[in-house]
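Chains as they are written, first to last, in our numbering: chain A, -3 to 147; chain B, -3 to 147; chain C, -3 to 147; chain D, -3 to 147.
Each hint should be verified, as a subset may be incorrect.
Since the list gives no way to pick out one identical chain from another, each pair is judged satisfied if it fits inside one copy or across any two copies.
As the list claims (entries may be wrong) - Distance condition first, Cα-Cα at most 20 Å in a straight line; then the derived SDA-like pairs of lysine to any residue:
#1 Lys67 <-> Gly131
#2 Lys120 <-> Asp76
#3 Lys67 <-> Asp95
#4 Lys67 <-> Arg121
#5 Lys67 <-> Glu51
#6 Lys120 <-> Ala13
#7 Lys67 <-> Lys120
#8 Lys120 <-> Arg90
#9 Lys67 <-> Ala54
#10 Lys67 <-> Arg100
Since the hints were derived computationally from the structure, they do not count as laboratory data.
4 protein chains.
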Amino acid sequence: MSASEEVAPLRHVERLAVRYAETDQMGVVHHSNYLVWFEQARTGLCIARGFPYHEIEASGVWLMVTGAHLKYRGGAAYGDEVDVSVWVSRYQSRALHFDYEVTRGDELLVSGTTEHVWVDVATKRTCRIPSHLVGPFRELAGLDRVTGKLD
Amino acid sequence: MSASEEVAPLRHVERLAVRYAETDQMGVVHHSNYLVWFEQARTGLCIARGFPYHEIEASGVWLMVTGAHLKYRGGAAYGDEVDVSVWVSRYQSRALHFDYEVTRGDELLVSGTTEHVWVDVATKRTCRIPSHLVGPFRELAGLDRVTGKLD
Amino acid sequence: MSASEEVAPLRHVERLAVRYAETDQMGVVHHSNYLVWFEQARTGLCIARGFPYHEIEASGVWLMVTGAHLKYRGGAAYGDEVDVSVWVSRYQSRALHFDYEVTRGDELLVSGTTEHVWVDVATKRTCRIPSHLVGPFRELAGLDRVTGKLD
Amino acid sequence: MSASEEVAPLRHVERLAVRYAETDQMGVVHHSNYLVWFEQARTGLCIARGFPYHEIEASGVWLMVTGAHLKYRGGAAYGDEVDVSVWVSRYQSRALHFDYEVTRGDELLVSGTTEHVWVDVATKRTCRIPSHLVGPFRELAGLDRVTGKLD
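Sequences and hints are given; from them, build the entire structure.
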């Protein structure tokens, strides 16, 4: 029996301390920084799964950002520690979506999605996901897994 | 005859030179910076209409960001000059949406929307748009105008 | 016997993973980000000593930056983890200096100093260090301690 | 008679509007941003002299930052327009220093220096200034000029 549809994507959580430089004169984190945090969580996700993104780039492909959506419910402040959760919300041969939640304790501060395509660095054209990454990313997306035991 | 529905919102265009610090190792502007550029264009729009945003804040309200959407088609590079266009795409008594286009010559690089609510700085609660700003912002939105002659 | 002069200041080390957004088109971290890392290390130092900087600010004083000096020997890259060390290099009643070293393994990448004065938030004037912080900061600076056992 | 020693270096001034994102919770521009402004002024200086820095990089050399010094006297605020002045303060065959002043009207806010070496992009080693840039940069530095008439 295939359990593909029923298996949730794998979450990675990155804990961050708010940097003073990330605040603005409203006294909370400037809204552009959440995209930077999302990216840091993606970095952490790839490291946790054993294929660091800097190695993916070195192999000749970019996972280029084509879209971003953010919903701001509350603002993180200097002195806060926040958790940035990330998971693959859509898997296609040429595109990936990631979803995110930034929380402070039980409080959801910001949620969002980023959309990406694979790009061949040499030609600067979109391409299919490199074959050696198909398995790991399908697994991240919750596809093709029989068990949830991954860590 | 009311021409409200037929009048386009007023556009403001801010010309920017890409900063070296805004690039990343892909060789183009990091995707988070477009939110900063959008904000700079909003600043310019308010100045052009005669109600600088720092004066709006000083009067006790914030136009707080509650959402953002970006679509990336191409990347600005160091050495480029780009135009960031902004206009009010939705006007409500408690909320405003702005739309944006970043272009390099004829090429559309990035488009986007930001969503905002008015917040009373003293109480940190959402509020209605201050009365003295109703006219200017409705005009920006292309509402309540008989003629298009504004500049 | 006073050992003041012989006691080294206390070091705090903050480990950071380079963020993609921190790189520029040279392929290494943009030189402005080291000031942000220095600040994050100061934040960590204060937390480690039990007087978080956001609480210091909340008590009504700023430790305002009046000068900065950086020497760049090598560049951190995306994929690197670096250690940012910080210690109090000069203690005065109205001023503090911090020194920093950013290392990647055994390699020293960047070193620097930041200079600060205490400022009363209410009056925006310089002031003396708050009395409850004299002890902790003198101790950080390696003054007034008989033993080096602090953690 | 050589007037080399008596000729002042050429100044370039870049006018900037403070960005909201550049402020921090102290209500003024975060101190790291001045390095970004210095860089933007260097970019403007090179453009004004007819050799844009992105073309210098494209020709195979970097003017890499090896040191930076900043003195903060006052803080720029959102709503301010500031002038960032830059000039070559030291010219050597393998190194260049630039000095800066950030002013708001007559008020000097920040001054600084950045130190640079020429680096061959291909080998990542320091090198001499490319021959076609010797004349322009010596002229910027106020060397080898008979008259001050340059613009």
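Comparing the hints with the structure gives:
1. Lys67 <-> Gly131: neither (31 Å within a copy, 28 Å between copies)
2. Lys120 <-> Asp76: between (40 Å within a copy, 19 Å between copies)
3. Lys67 <-> Asp95: both (11 Å within a copy, 16 Å between copies)
4. Lys67 <-> Arg121: Close across copies (18 Å), not inside one copy (31 Å); limit 20 Å.
5. Lys67 <-> Glu51: So Lys67 and Glu51 fail the 20 Å test inside a copy (31 Å) and across (26 Å) alike.
6. Lys120 <-> Ala13: Neither. Shortest intra-copy (36 Å) and inter-copy (24 Å) distances fail the 20 Å Cα cut-off.
7. Lys67 <-> Lys120: Result: close only across copies, 18 Å inter versus 31 Å intra.
8. Lys120 <-> Arg90: Only inside one copy: Lys120 and Arg90 sit 14 Å apart there, 35 Å across copies, limit 20 Å.
9. Lys67 <-> Ala54: neither (33 Å within a copy, 26 Å between copies)
10. Lys67 <-> Arg100: Intra 15 Å, inter 28 Å, cutoff 20 Å: intra-copy only.
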